[in-house]
Amino acid sequence: MTMKKAQKLEIKDLSVTFESEIIKNISLKVEDREIISIIGPSGCGKSTLFNVVSGIIKQNKGLIKINGLEEKKRQGKFGYMFQEPLLFPWLKVLENVMLGFEIKGIEKKQAKIEAVYLLKKFDLFEYANLYPNSLSGGMKQKAALLRTIAFNSDILLLDEPFGLLDAITRSNLHLYLLDIWKKLGLTIIFTTHDIREAIFLSDRVYVLSKKPATVIDCIKINLSRPRKISDQTSKKFVELEKKIISLL
Amino acid sequence: MKKYFLSFLTAVISLFVWQITVMGFNIEAWILPSPSRIFVAFWQSRALIFYHLIPTLIEAVIGLTGAVFISIFIAIFMERYYAFQKIIYPFLIISQTIPFIILAPLLTLWFGFGLPPKIIIISLVCFFPITINLFDGFQGVDSSILRLLTSMGASQKQIFKLVKLPASLPSFFSGLRIASAYSILGAVVSEWMGADRGLGILLIRSTKSYLTDRVFAVIGIITLLSIFAVLLVEIIARILIPWHYYKLKIRK
Ligand SMILES: Nc1ncnc2c1ncn2[C@@H]1O[C@H](COP(=O)(O)OP(=O)(O)OP(=O)(O)O)[C@@H](O)[C@H]1O
Ligand SMILES: [Mg+2]
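Chains as they are written, first to last, in the numbering used here: chain L, 1 to 248; chain V, 1 to 252.
Just so you know, these hints were derived from the structure itself, not from any lab. There could be a bad hint or two in this list.
Said to hold, decoys possible - Sample of chain L residues with no beta-carbon within 12 Å of chain V, all distances over it, derived:
(1) Glu19
(2) Lys73
(3) Leu86
(4) Leu99
(5) Arg147
(6) Glu160
(7) Gly163
(8) Lys220
(9) Lys242
Stated by the list, open to error - Under 8 Å between C-beta atoms, here's a sample of chain V residues computed to sit facing chain L:
(10) Ala154
(11) Leu162
(12) Ala237
(13) Ile241
As the list claims (entries may be wrong) - Covered stretches of chain V (chain L as the covering partner; in silico rule of three or more C-beta atoms under 8 Å from a C-beta of chain L):
(14) 141-148
(15) 196-208
Beta carbons: idealized from backbone N, C-alpha and C, even for Gly.
Build out the structure end to end from the sequences listed, making use of the hints.
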C-alpha cells in the first residue's frame, strides 16, 4: 500500500436528478489547502452540487469523501456560503457573524473576539451593531462571507461569494480572502461566473458543461503565490483566460 | 405627526358639526346628546366610571394573558407534532366561525357570575388570532434560512430557538394586536351576562335609566381602552422586535 496523503475532499461519480438530470457523473478531487473554483453556465447545477456536498440534498448516485473517508452525514462539516446572503434580520451584523459559534456552543466571549477580528479585517466593523436590513447587497454578502469563515470549518464552500460586489471591493476582498486562507490553512471551493476571478484565486479551475452538469475540463493555474493584482495582466494569466473561454 | 393632521382635523370638524346639529335642531338629550354634554356627563361620573373600569380591565388582562399562554402552547405543539397539527387545524378554522360570546350564558350557568366565566370567554375570543398568527409565523420561515442552519448541523431545538421563534414574532404581535382589542370587547360583553361591577354593567344600567349622555361617555371610554390596548401592544412590539420596524430604513 502506498502512503499517499488522502484528498481533503473527493467527489466521486456524483449524479443528481430532480425532474430532470441536473448533475451527471461529476468527480472531482480537492487537495488540502487548495483553492478550487467551479465555472459553468447559469443553471447548470453549481449550487445544487454544493447543496449535495454540504448534505442538504441527497444524491442519486455517487459518494463524497472527506479526508479519505466516505461521509454520509455531512451537515456541519463545511463552512457553506449560500448564493443569497441569508442574514437573519433579527440579529445585528455582529450576531449574524457569530451564528456559527452559537450553533457549535462556543463561549460567547471568545466568539465575539473572533467575530470582531473578522469584521475589522474586512472593513465591516462600523456596521457591527446594525441590522442587516440597513446594509447594501454587497455588504450583506460580505457579512455572509464572514459568517461562513467564522464557522471555523477548514473546508469552505462559497457559492458566488463576490457576485454582488463592486469591482474595487471585490478585488480587496480577494486579497483579504487569500490572506485568511493562508493564515488559517483553509481549503476553499467556490463558484463564480468571473473567469479572471477564478484564475486569480485558484490553484485549479473546474469547468462544467451546461445542464446536466459534467466536468468538461480541469485547468491547472500555475501562477506563483502570493499573487498580486498586477498579475492579472501577465501573459500567462491572459493565456489561461483565453483557454477557459474557449471551453465555455 | 403631520400625516395624521388631516384625520385629526376631520374628527374635530365632525364633533363640531354634531354639536351644532344637536343645538340647532333642539334634539332631545336622551336621543342624541351633544359632545359637550357627553363630556360633562363623563366628568360628573368620572369616579363612577373609574370604579367600573377596574374590574373590566382586570378581566381583560387576565383573559388575554391566559389566551397568550394557551396560544403559544398550542402553536408550538402544532409546529412540533405534525399529527396534532393535522387534527387540530380544522377545529381551529371552524372555531373562528363561532362567535364565542354566545357561549357566555352557558358558562354563567356552569361557573356563576364571578370572574372565571368571563376569563374563559375572553380567552376563547382572544386565542384564535394569536394561535393562528403564531403558527403561520412558524410556517412562513424562509426555507433557505432553514437549509442554511441544516447545513451548519444545527439541531431542531437550535433551529427553533435561533430562527423559528424570532422569525414568528412579528406575526405573533399582529395576532396579539387584534386580540388585545377583542379582550376589552369580550370583557364588556361577558359582563352583560351578570356582574355587579364593570363597564359593561355601567353601560346597561345607564341605558336602562335613559342616561344617554353617560352611555356615550362609557362607549367613549371603552373605545379609548381598546385603542390604548392596541397601542400598548404596538409599543411592546417596537421594543422587542426593533429589527422588524427597521426594514428599509436608511442607514446613518
Ligand atoms: N429543488 C429543486 N427542484 C427542482 N429543480 C431544481 C431545484 N433546485 C434547482 N433546480 C434546477 O436545477 C438546475 C440547476 O440549478 P442550480 O441553482 O444548481 O444552478 P447554478 O449552476 O447554481 O446556477 P446559477 O449560476 O444561476 O447560480 C436548474 O435548472 C434549476 O431549475
Ligand atoms: Mg447557483
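For each hint, the structure was consulted:
1. Glu19: holds (18 Å)
2. Lys73: Violated, because the least Cβ-Cβ distance between L/Lys73 and chain V comes to about 9 Å, which does not exceed 12 Å.
3. Leu86: Incorrect as stated: the minimum Cβ-Cβ distance to chain V is 5 Å, not above 12 Å.
4. Leu99: The claim is violated: L/Leu99 sits with its nearest Cβ about 7 Å from chain V, within 12 Å.
5. Arg147: At roughly 9 Å from the nearest Cβ of chain V, L/Arg147 sits no farther out than 12 Å, so the non-interface label is violated.
6. Glu160: Consistent with the label, L/Glu160 stays out of reach of chain V, its closest Cβ about 14 Å off (over 12 Å).
7. Gly163: At roughly 16 Å from the nearest Cβ of chain V, L/Gly163 sits farther out than 12 Å, so the non-interface label holds.
8. Lys220: Given that every Cβ of chain V is farther than 12 Å from that of L/Lys220, nearest at about 29 Å, it holds.
9. Lys242: holds (36 Å)
10. Ala154: holds (5 Å)
11. Leu162: Given a least distance of 7 Å, the restraint on V/Leu162 holds.
12. Ala237: Violated: closest Cβ of chain L sits about 13 Å from V/Ala237, beyond 8 Å.
13. Ile241: Nearest chain L Cβ about 7 Å off; hint holds.
14. 141-148: holds (count 5)
15. 196-208: Violated, because only 0 residues of the stretch 196-208 of chain V bring their Cβ atoms closer than 8 Å to Cβ atoms of chain L.
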